[in-house]
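Top to bottom, those sequences are chains B and W. Quick note: the first sequence, position 239, residue 239 per the UniProt record's numbering, numbers continuous. Quick note: the second sequence, position 223, residue 223 per the UniProt record's numbering, numbers continuous.
Treat the hints with care, since some could be wrong.
Straight-line C-alpha distance at most 20 Å; calculated SDA-like pairs for lysine to any residue [claimed, not checked]:
#1 W/K245 <-> W/I137
#2 W/K276 <-> B/A248
#3 B/K276 <-> W/G265
#4 B/K138 <-> B/G221
#5 B/K325 <-> B/E98
#6 B/K245 <-> B/L279
#7 B/K245 <-> W/P123
#8 W/K245 <-> B/I137
Treat the hints as calculated values from the structure; they're not laboratory data.
Protein chains: 2
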Amino acid sequence: MRNITVAIDVMGGDHGPHVTVPAAIRCLARHPDLNVILVGPQDIIAAELKARRANSGPRLIVRHASQVVAMDEAPALALRGKKDSSMRVAIDLVKSGEADACVSAGNTGALMATARFVLKTLPGIDRPAIAAVMPTIKGHALVLDMGANVDCTAEQLLQFGIMGAMLVSAVEHIPNPSVGLLNIGEEAIKGNEMVKQAAELLRASHLNFYGNVEGNDIFLGTTDVVVCDGFVGNVTLKASEGLAKMIATTLRAEFKRNWLTRIAGLIALPVLNAFKRRLDPRRYNGATLLGLKGVVVKSHGSADRFAFEHAIETASDEVRNNVLKRITDQIQLLQRVAA
Amino acid sequence: MRNITVAIDVMGGDHGPHVTVPAAIRCLARHPDLNVILVGPQDIIAAELKARRANSGPRLIVRHASQVVAMDEAPALALRGKKDSSMRVAIDLVKSGEADACVSAGNTGALMATARFVLKTLPGIDRPAIAAVMPTIKGHALVLDMGANVDCTAEQLLQFGIMGAMLVSAVEHIPNPSVGLLNIGEEAIKGNEMVKQAAELLRASHLNFYGNVEGNDIFLGTTDVVVCDGFVGNVTLKASEGLAKMIATTLRAEFKRNWLTRIAGLIALPVLNAFKRRLDPRRYNGATLLGLKGVVVKSHGSADRFAFEHAIETASDEVRNNVLKRITDQIQLLQRVAA
Numbered sequence: 001m002r003n004i005t006v007a008i009d010v011m012g013g014d015h016g017p018h019v020t021v022p023a024a025i026r027c028l029a030r031h032p033d034l035n036v037i038l039v040g041p042q043d044i045i046a047a048e049l050k051a052r053r054a055n056s057g058p059r060l061i062v063r064h065a066s067q068v069v070a071m072d073e074a075p076a077l078a079l080r081g082k083k084d085s086s087m088r089v090a091i092d093l094v095k096s097g098e099a100d101a102c103v104s105a106g107n108t109g110a111l112m113a114t115a116r117f118v119l120k121t122l123p124g125i126d127r128p129a130i131a132a133v134m135p136t137i138k139g140h141a142l143v144l145d146m147g148a149n150v151d152c153t154a155e156q157l158l159q160f161g162i163m164g165a166m167l168v169s170a171v172e173h174i175p176n177p178s179v180g181l182l183n184i185g186e187e188a189i190k191g192n193e194m195v196k197q198a199a200e201l202l203r204a205s206h207l208n209f210y211g212n213v214e215g216n217d218i219f220l221g222t223t224d225v226v227v228c229d230g231f232v233g234n235v236t237l238k239a240s241e242g243l244a245k246m247i248a249t250t251l252r253a254e255f256k257r258n259w260l261t262r263i264a265g266l267i268a269l270p271v272l273n274a275f276k277r278r279l280d281p282r283r284y285n286g287a288t289l290l291g292l293k294g295v296v297v298k299s300h301g302s303a304d305r306f307a308f309e310h311a312i313e314t315a316s317d318e319v320r321n322n323v324l325k326r327i328t329d330q331i332q333l334l335q336r337v338a339a
Numbered sequence: 001m002r003n004i005t006v007a008i009d010v011m012g013g014d015h016g017p018h019v020t021v022p023a024a025i026r027c028l029a030r031h032p033d034l035n036v037i038l039v040g041p042q043d044i045i046a047a048e049l050k051a052r053r054a055n056s057g058p059r060l061i062v063r064h065a066s067q068v069v070a071m072d073e074a075p076a077l078a079l080r081g082k083k084d085s086s087m088r089v090a091i092d093l094v095k096s097g098e099a100d101a102c103v104s105a106g107n108t109g110a111l112m113a114t115a116r117f118v119l120k121t122l123p124g125i126d127r128p129a130i131a132a133v134m135p136t137i138k139g140h141a142l143v144l145d146m147g148a149n150v151d152c153t154a155e156q157l158l159q160f161g162i163m164g165a166m167l168v169s170a171v172e173h174i175p176n177p178s179v180g181l182l183n184i185g186e187e188a189i190k191g192n193e194m195v196k197q198a199a200e201l202l203r204a205s206h207l208n209f210y211g212n213v214e215g216n217d218i219f220l221g222t223t224d225v226v227v228c229d230g231f232v233g234n235v236t237l238k239a240s241e242g243l244a245k246m247i248a249t250t251l252r253a254e255f256k257r258n259w260l261t262r263i264a265g266l267i268a269l270p271v272l273n274a275f276k277r278r279l280d281p282r283r284y285n286g287a288t289l290l291g292l293k294g295v296v297v298k299s300h301g302s303a304d305r306f307a308f309e310h311a312i313e314t315a316s317d318e319v320r321n322n323v324l325k326r327i328t329d330q331i332q333l334l335q336r337v338a339a
């Protein structure tokens, strides 16, 4: 078994080292094939390790980085002005081969801009996409793009389909995952021009293309992969977060209405907790920046230790299952067919 | 108090007259200022009225129409080939002034195409939009467009904003409703070109423009009106339906896990039912085809009697509150400012 090294941007996210360092320590304890490089200001990392009674060593390396990218910093400024940021150095470690993957809970725009600049895209991929796992009635589905590309071409949607299918087949061990194209009607005549062209390209490809799917199909688990442009994907993701929050708030309010409903709530508590666990968004934390020459995983900024651990595991799973090689092979196959 | 006459496409929807006729009868009983014209095959309507022990009269008129538009019929075919359909005749009654509004649970595409052809758009409105009410943590919000226009210009989004604001101010009696533009980031720099231009137009308008909102803001109730193109709106609407269904299915499954959880479910049942009622989508049934020279309300195809009643009430509320005149006045104001 080969070892996997994940570089961690210790300073990213709303909670920074208080979340990222303990998450890394727990992942190391659980996965014997994992090494981590903690990237950030040396003194801060040392203090956090001390507080957790952990030491650096061959499996836990500390790499100093003097700067921090703020959560609201403009991507272009972060890219030009912060060459020694924890985010940048973590990505540099992937470029140099010292790390197999990097994980950051930092500013999405800055992470995407820096990763594209440092790592470049895979041959045949125009632009990277953000791929996220969403829960469904049947299990889960991979949806991309979640916001990296506001305007997409049909060719890019095809590339998203290929990348998404390869990621799912590699990590979930599904031989020929189904791919759906997000549209506003199942009939081929609906949708805008770009989506219609994308459907033709997907249909002509060697992918297991299901056809058009609608918004509800994401959560019904109609296909393993759902492809859309980044504008639609991001709005859908955020709307789902908002709706889930509204439903949870309403449910809580109903159980707190009076002493009778409170007693009912206490009796139902184990069931409500089991329900909450099943749909816990922390279990789906870690979106992949797909299409780069390197594995880069973006954690939600508000991730806690449990959620950030999941992002580290997502990154190491992708390395373990050779996702990048599978995508490269498929894109080459596509290009050979086209040539 | 003036009387309001609503023409009802009796044959539209998955259930047709079994739902539309009893819903109309109940609305008549509840609203003394309401008259209805039931449009469809005379014998079918007569049989349904008889089964409900109801009679036609000055407040309940039956208008024969010999054809029916199928739920999956191509809009262009319905428009050209079915000039005596229940849908078409109901819209014709609005055109001739015999009815103030029409309600149909039929095929959305056919309804929009026929309504545009027969009624035409209001002066200054390029294309009608579908406006739907969504529940929020604070109450509810109006979202448009929900699927009539897959590709929109910035000017159209401005028109949607004006129409939505006028609808909300008229029906909900909110003097200056806030309008949000659906985007993928709150910062003005994000989003695609069309959305950026629309933000500038909305900011320069006399509307109470809040700025960009994200998907989660719909359900947080950040603004009274949310404007987006029909592709994004439709995907968001359908995804929300799918997610709500998934959450309900998961909650039910957890309560059915074993006899202990079943007992907890029985004890919690009144609370769970109250929760279900609060988020009942039937209470939001009835999307308005906004921007036409006439009030046209589209009910969900699967609507039951309770939901269809709500669509009839939505239509009569809009007539009662002079929504069309308010929109026309505001658009004229905009054109005077621009001239």
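Evaluated hints:
1. W/K245 <-> W/I137: At roughly 18 Å apart (the allowed maximum being 20 Å), W/I137 and W/K245 satisfy the hint.
2. W/K276 <-> B/A248: holds (12 Å)
3. B/K276 <-> W/G265: Roughly 15 Å between the alpha carbons, so the hint for B/K276 and W/G265 holds.
4. B/K138 <-> B/G221: Holds. B/K138 to B/G221 sits at ~6 Å (cutoff 20 Å).
5. B/K325 <-> B/E98: Distance ~18 Å between B/K325 and B/E98 Cα, so the pair holds.
6. B/K245 <-> B/L279: Holds: B/K245 and B/L279 sit about 12 Å apart, inside 20 Å.
7. B/K245 <-> W/P123: With a Cα-Cα distance of about 41 Å, the restraint between B/K245 and W/P123 is violated, given a limit of 20 Å.
8. W/K245 <-> B/I137: Since the Cα atoms of W/K245 and B/I137 sit roughly 9 Å apart, the hinted pair holds (cutoff 20 Å).
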